Amino acid sequence: MPVAIEPITGRYAHIDIMGETYRIYFEEAGEGTPLICLHTAGAHSSQFRHLMCDEAITSRYRVIAFDLPWHGKSNPPVGWQDMEYKLTADFYAAATIAFADALELDRPVVMGCSMGGRLVVRLAREHGQRFRAAIGLEGSNRPSPWWDNSWLDNDVFARGDFCAALVSGLASPHSPAEFRHETLWHYHQSGSDVFKGDMHFFRTDSQFEADGAAVDPSACKVFLMTGEYDYSCTPADTERTAKTIPGAEAIIMREMGHFPMSEHPERFREYILPVLDQIAGMGD
Amino acid sequence: MLAGLVEKARRNANLQRLGRNCTAEFVIGIDDARHHVVIRDGLVAEVLEGPFKMRPYSFSITAPAASWAEFCKPKPAPGFNDVFAMTSYGHALLEGDSAVFLAHLRFFKDILALLREDA
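Taken in order, these protein sequences are the chains called W and S. The opening position of the first sequence corresponds to residue 114 in our numbering, with each subsequent residue numbered one higher. The opening position of the second sequence corresponds to residue 188 in our numbering, with each subsequent residue numbered one higher.
In short, the hints are calculated from the structure, not lab data. The structure displayed is predicted, hence computed values, not measured ones. Among the hints, a few may not be true.
[Unchecked claim] If you want a taste of the chain S side facing chain W, the calculated C-beta under 8 Å gives, among others:
#1 P263
#2 G266
#3 D269
#4 V270
#5 F271
#6 A272
#7 S275
#8 L292
#9 K296
By construction, the Cβ of each residue, glycine as well, lies at the ideal position given by its N, Cα and C atoms.
Just chain W, same shape as in the assembly (with noise of 0.2 Å):
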């Protein structure tokens, strides 16, 4: 029996955010339109291996996800050693762009998940023209604290199987044991500082109530996908935040949890393919 081989490839680029040079991994699959995902907190880019291994989207998108620097296989700035990670607006926003220039993508889809899915509310508004849809998983326009700030700064943040325990809750109990395990691992194996710095952003610089009005729906429309098992961007926070945008659309995902993409794929693609099946209909 032949080897089971995924038809994602892995790739690093050397790109240039805010003055630094990263070397970034990113993995793709597929063909067509470009549709860049961008990964959780504390996490990196195989929460979306599903969709890369989804025929029924590789045939008409190009799925492509990279690992923020810091995160997985990207590396930390040269130096990183001296310095505290903390996530700002303006460097993840920098950093999505500028992957999108550098591999010279045009008009992507950009589709991010709970910090990524705050992220694109910021984008559709500042870079609309340079996207055809934005997509937020468990996004909303501002944060939405449901444990203590005082945390971040204490020891016991700096274990993994601490970072994992905090988000395991946001994981619905009807998606299957193994997805939501393995969702977890991630955050077992990815490094408590990065969490840590990707909640500065999560938690204090991610504050995009004033962006909404200013998106231009004919140019991107944005989409907010939330599970209703999600109480760090719960339903009622993505239907507030649609109610902001101009022409977006809230979609409440039954029995689904934080991390629709990862944690039930099955169940996700019922409701993200309808989505990329109207973005693939608006055409260019």
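Based on the hints, put chain S in the right spot on chain W.
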């Protein structure tokens, strides 16, 4: 709800591995009832029925019986599937020295998962 917890935990070697560095006592509050869960080196040693006048404990998780009943279902409704979901939506209160809870977070969450009907 707590019947059988000691035995279920005793049979779970992985739970004991996760909690091997944990010796603590915490309270599960159900309506006005107070149940003290005593942990020794990762073993759930005993569950004591309170209330006690002066017995020390580290932290408590308190919720109405109806909220715990939902939590204990194999697939709880949204907002009831995790302690943080319950505290986030106001279905439960986490009080006391939460440092102990957070220092052994996976362990304590796995103990609470043993309360589920299908555990």
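**Request:** Find the hints from earlier in the document that the structure breaks and name them by number, from lowest to highest.
**Result:** No hint contradicted; all consistent.
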